[in-house]
Structures are given as structure tokens and as C-alpha cells.
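J.: The sequence shown maps to residues -23 to -1, 1 to 63 in mature numbering (1 follows the signal peptide of the UniProt record, and there is no 0).
I should point out that these hints are in silico values taken from the structure, not numbers from a laboratory.
Just to be clear, a hint being listed does not mean it is correct.
[Said to hold, decoys possible] Okay, the calculated beta carbon distance ranges per label pair: (1) Ser53 x Thr2: 16 to 24 Å; (2) Gly42 x Gly4: 30 to 38 Å; (3) His63 x Gly4: 29 to 37 Å; (4) Arg43 x Gln19: 14 to 22 Å; (5) Ser5 x Gly42: 32 to 40 Å; (6) His12 x Lys58: 28 to 36 Å.
Ideal Cβ positions, reconstructed from N, Cα and C, are used throughout, including at glycine.
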Amino acid sequence: MTVTKLRVFVAAVALAGASAASADTPGSDWMSKEHALQKLSQQGYANAYLKADDGHWEGEAMKGGRIYELHVDPHSGAITKSEPKH
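Put together the whole structure using the sequences plus the hints.
T.: Take a look at the structure:
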């Protein structure tokens, strides 16, 4: 591999890593994790945890004795995915 190709490859790998890392970091315009958890609680979810993932809050919570996998919109707090885990 030539030096130029190697430099291009290294730069591409570095940029890809930076993009992946930023996708798992809350945006500056996101509601706080605490506020999103409060919204979940208001909708009957308990024992919830959330983490930033791919542009939304993602996590799990209990409701009605079942565990749900959740996605929460980081701007509105709306639940965009709520699926029972098996």
C-alpha cells in the first residue's frame, strides 16, 4: 500500500470512529436524561434506564409487570418504540 493510500485509509478510519462515538452522545439540544425518565414515569413506566444511542434515548423499563425495550425521542420525550422483551 502506498503512503498516500495508507494516509487516506487512516483518516477514513478515524472519521468513522468519531462519527460512531458522536451517535452515542446526547445532543446539545436534547432534553436531559432525567426529564426523559420523568416522562416515562408519567406514562406508567418504572425502573427505567436510558442511554444515548443512534440519535435517540434507548433503554428498558417495567410496565404492567413486563420489561419493555424503549426508544424515546430526545426532543419531545415521545416514546417511538415500546416492545415487550421476551
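J.: Indicate, hint by hint, whether the structure satisfies it.
T.: A quick look at each hint next to the structure:
For the pair Ser53 and Thr2, the supplied restraint of 16 to 24 Å holds, since their beta-carbon distance comes to about 19 Å. Here the CB-CB span from Gly42 to Gly4 is close to 34 Å, well matched to the stated 30 to 38 Å. Remark: the range hint 29 to 37 Å for His63 to Gly4 is upheld by a beta-carbon distance near 31 Å. Checking the proposed 14 to 22 Å range against Arg43 and Gln19 shows it holds: the Cβ atoms sit about 18 Å from each other.
Between Ser5 and Gly42 the beta carbons are some 37 Å apart, a value that agrees with the proposed interval 32 to 40 Å. A beta carbon spacing of about 19 Å between His12 and Lys58 contradicts the range 28 to 36 Å that was offered as a hint.
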